[in-house]
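Quick mapping for you: the protein sequence lines, in order, are chains A and B.
Under the working numbering, residue 371 is the last one in the first sequence; the count climbs by one each step, no gaps.
Under the working numbering, residue 318 is the last one in the second sequence; the count climbs by one each step, no gaps.
Hints were generated in silico from the structure; no laboratory data involved.
Careful: at least some of the hints might be erroneous.
Here are the simulated DSS-like pairs of lysine-lysine, each with C-alpha atoms no more than 30 Å apart in a straight line [unchecked claim]:
# : chain 1 : residue 1 : chain 2 : residue 2
1 : B       : Lys101    : A       : Lys194
2 : B       : Lys81     : A       : Lys367
3 : B       : Lys135    : B       : Lys101
4 : B       : Lys11     : B       : Lys81
5 : A       : Lys194    : B       : Lys11
6 : A       : Lys367    : B       : Lys101
7 : A       : Lys316    : A       : Lys194
On the chain A side, residues computed to face chain B include the following (Cβ under 8 Å) [to be verified]:
#  : residue
8  : Leu11
9  : Arg137
10 : Gly179
11 : Thr181
12 : Leu184
13 : Leu186
14 : Phe228
15 : Thr229
16 : Ala300
17 : Asp369
18 : Val370
Computed spacing ranges between beta-carbons, pair by pair [as the list claims (entries may be wrong)]:
#  : chain 1 : residue 1 : chain 2 : residue 2 : range
19 : B       : Asp191    : A       : Arg368    : 35 to 43 Å
20 : B       : Ser145    : A       : Phe290    : 37 to 45 Å
21 : A       : Ala356    : B       : Lys81     : 23 to 31 Å
22 : A       : Val35     : B       : Ala121    : 35 to 43 Å
23 : A       : Pro10     : B       : Gly226    : 37 to 45 Å
24 : A       : Pro10     : B       : Ala243    : 36 to 44 Å
Every residue gets a Cβ at the ideal spot worked out from N, C-alpha and C, and that includes glycine.
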Amino acid sequence: MNRARFRFLPLVGNEFIKPMQRISTFVMFGIVVLVGFLGILVSSLTQTTGATDSNGSPLTDRQILTDRIQQEQQAIQRQQSNLASLLDKGVYESIVGNDRLQPTLAPDELKTAIAETRFVISSSGQYLSIDQYRLDRGLPQSEDSTALGYAASQGWIVQLLTVFAVVLAAVGVASEFTGGTIRLLLTRPFRRWKILLSKYIGVYLIALCLLFLSVGIALLGGVMLRGFTSSPYLTFVNGAVHATPMIWIVLLRFALASVELLLISTMAFMIASVFRTSGLSIGLSLFLMFIGGTVTSAMANLGKSYDIPILQTLAKFSMFAYTDLSPYILRRDMASTVPEGSLLFAVTVLVFYYFAFVSIAFLGFSKRDVA
Amino acid sequence: MTMDPGAATRKGDAVVQVEGLVKRFGSRTVLHEVGFEIRSGEVLGFIGPNGSGKTTTIRCIAGLMRMDAGRVRILGHDVRKDFERAIAEVGCLVENPEFYKYMSGLANLKQFARMYPDVDAARISEVVTRIGLDKRIRGRVKTYSLGMRQRLGIAQAVLHRPSVLLLDEPANGLDPEGIRDLRLLLRGLADEEGMGILVSSHLLSELEQLCDRVVVLRSGRVIGEGDMASMLAASGPVACEVAFTVGSPAHALEILGGERPGLSRLEGETVVVTCLREEVPEKVAALVGAGIAVLSVVPTTASLEDRYLQMAGGGGVE
Chain A
1 MNRARFRFLP LVGNEFIKPM QRISTFVMFG IVVLVGFLGI LVSSLTQTTG
51 ATDSNGSPLT DRQILTDRIQ QEQQAIQRQQ SNLASLLDKG VYESIVGNDR
101 LQPTLAPDEL KTAIAETRFV ISSSGQYLSI DQYRLDRGLP QSEDSTALGY
151 AASQGWIVQL LTVFAVVLAA VGVASEFTGG TIRLLLTRPF RRWKILLSKY
201 IGVYLIALCL LFLSVGIALL GGVMLRGFTS SPYLTFVNGA VHATPMIWIV
251 LLRFALASVE LLLISTMAFM IASVFRTSGL SIGLSLFLMF IGGTVTSAMA
301 NLGKSYDIPI LQTLAKFSMF AYTDLSPYIL RRDMASTVPE GSLLFAVTVL
351 VFYYFAFVSI AFLGFSKRDV A
Chain B
1 MTMDPGAATR KGDAVVQVEG LVKRFGSRTV LHEVGFEIRS GEVLGFIGPN
51 GSGKTTTIRC IAGLMRMDAG RVRILGHDVR KDFERAIAEV GCLVENPEFY
101 KYMSGLANLK QFARMYPDVD AARISEVVTR IGLDKRIRGR VKTYSLGMRQ
151 RLGIAQAVLH RPSVLLLDEP ANGLDPEGIR DLRLLLRGLA DEEGMGILVS
201 SHLLSELEQL CDRVVVLRSG RVIGEGDMAS MLAASGPVAC EVAFTVGSPA
251 HALEILGGER PGLSRLEGET VVVTCLREEV PEKVAALVGA GIAVLSVVPT
301 TASLEDRYLQ MAGGGGVE
């Protein structure tokens, strides 16, 4: 009889079954359904009919697009004449009614003003190209008004799931210690890291179920509110309009929001493994989740305004500066605000934090005595 | 045949070897080179006052605690170096039997069954029947009494047919019937299935009827080890306390030598006398001879307990 090979998969099964039998997990699923449908209800109540023509009937997509293109063309013309006067006279009077700009500009100010104007012209041109693309192909005036557009707008629900994942991770680990069942778990033919890994996977199996449920409700809500309308997601890349299937954008939004879920819940997992109490783990993780971003940007701003390098460095290497990766990836055009640093740097920082959390969690769980 | 040492175990072979076990909590040493063995087919009693290190020893054997020095081998596998193989042969119940309270007893057992390759539904129901929990196994553990949880604790420990059973105070919370069932179950597992069973307990009278051998621990040191029979024989003249319930207590006390502080006294209807075990029959004869109705004669301390108290040098938490 060879008992040396114990299968790992049943362990993961155990860690999926256990939380699923807790009432709190059942409540989580209930809340996700409730909040999902509440979102649909609120959207249907607040949905505006949009602009109307002189007869009071809503404008068609074609009409809206034609109007907008006209406005964009006018704006570009205006900016171009501004640019011309800037270049000609070295004088600029009203880019956007900015008081800072005096009739006679210093050379570097003039340079900045010219660059800004060029930038506005270029980004307006991009919007113009995208709207022209829509008009030419008879697409809706915006992808946000489609069924998948609604689904993509529901990515915020992942924040709620993050709270649940934190609770699942913290309770999943700590309750074994507080309930005394850890002794029954660790005296089995599995090394401790395997027991913890199965718990870790179990948490994310449930989180994944919750995520799929949310995406499903968001898609359903989109169809309920807006019918089977769709439009590709349009971006302006390398001088041409680029179309991406909208469903990818929906999934990408949820996936990007899940980056924070993964990091915060792994942190909760680490705290629970080290301190063996769920209260501290849940409290600290959620506290950091809600204030982390604010504190980081406050540090960055303070560091910049008062020239305090340590604050700048702290902000630069803070996990919370990068938990939202969407500005790096979902860039529609060059006008969108682009954070400092590259995507590669952001991902590197996140990966570093992730592995730090995981290492500490496994060390804390494996090395210490169990009373 | 594989090289699994478990296959070669014969009755009487050591299944657990504990050698030079040292455990420190900070600067305090709680186990000083503890060494003993558990043999196949025996029930080994593990006795010691509170805080003597019994539970710590069991935790070290089961891998819950790291030892600072020494070695524990289970069927030849070092617990530290080859944990999974070693612990696969162990079933244990350390301290209180705690379960997932929101699940049924059966769901709990299924959790543990999934962790072994060879425990199926038939085996689970066999064990459940054997520990006498059939009727309530589908109820939530939340609703179980301590005695029922204790039974479930035994069930999860024997589920995978281990060669070694480590039970920390298993009689805790059991009623007299439960204790008798436990004794029969453990004797059966040792005699028929050849398990080596370690039982720590404060219920010394229970150990006396159950165990083949005992190991006595005090202040983290093994201070005595031996067969139950020779242990009892070696105990020599041991004073014990006996309660005589009689028809006329005052007269009986007179016959038994009158009130002597620490030796004999009156407690309501009973006369409590401290004497040697061997003297009890003649005292009964004296009472009967004097025409006193002897309703009951109850030793209030068991003999192993006396022996243990002598070795351990009195009770009290260390």
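Hint by hint, here is what the structure shows:
1. Lys101/B to Lys194/A: Holds, because 24 Å separates the two Cα atoms, which is no more than 30 Å.
2. Lys81/B to Lys367/A: Holds, at roughly 14 Å.
3. Lys135/B to Lys101/B: 17 Å, holds
4. Lys11/B to Lys81/B: 26 Å, holds
5. Lys194/A to Lys11/B: 34 Å, violated
6. Lys367/A to Lys101/B: 27 Å, holds
7. Lys316/A to Lys194/A: 35 Å, violated
8. Leu11: 7 Å, holds
9. Arg137: 56 Å, violated
10. Gly179: 6 Å, holds
11. Thr181: Hint holds; Thr181/A Cβ to chain B Cβ min 5 Å, cut 8 Å.
12. Leu184: 6 Å, holds
13. Leu186: Holds - the Cβ of Leu186/A comes within 8 Å of chain B, reaching about 6 Å at its closest.
14. Phe228: Hint violated; Phe228/A Cβ to chain B Cβ min 43 Å, cut 8 Å.
15. Thr229: 45 Å, violated
16. Ala300: 44 Å, violated
17. Asp369: 4 Å, holds
18. Val370: Cβ of Val370/A sits 4 Å from chain B, so the hint holds.
19. Asp191/B to Arg368/A: 35 to 43 Å: 39 Å, holds
20. Ser145/B to Phe290/A: 37 to 45 Å: At roughly 44 Å between Cβ atoms, Phe290/A and Ser145/B fall inside 37 to 45 Å, so the hint holds.
21. Ala356/A to Lys81/B: 23 to 31 Å: 29 Å, holds
22. Val35/A to Ala121/B: 35 to 43 Å: Holds: the Cβ-Cβ distance is about 40 Å, inside 35 to 43 Å.
23. Pro10/A to Gly226/B: 37 to 45 Å: At roughly 43 Å between Cβ atoms, Gly226/B and Pro10/A fall inside 37 to 45 Å, so the hint holds.
24. Pro10/A to Ala243/B: 36 to 44 Å: 55 Å, violated
Taken one by one, the earlier hints fail for this structure at numbers 5, 7, 9, 14, 15, 16 and 24, listed in ascending order.
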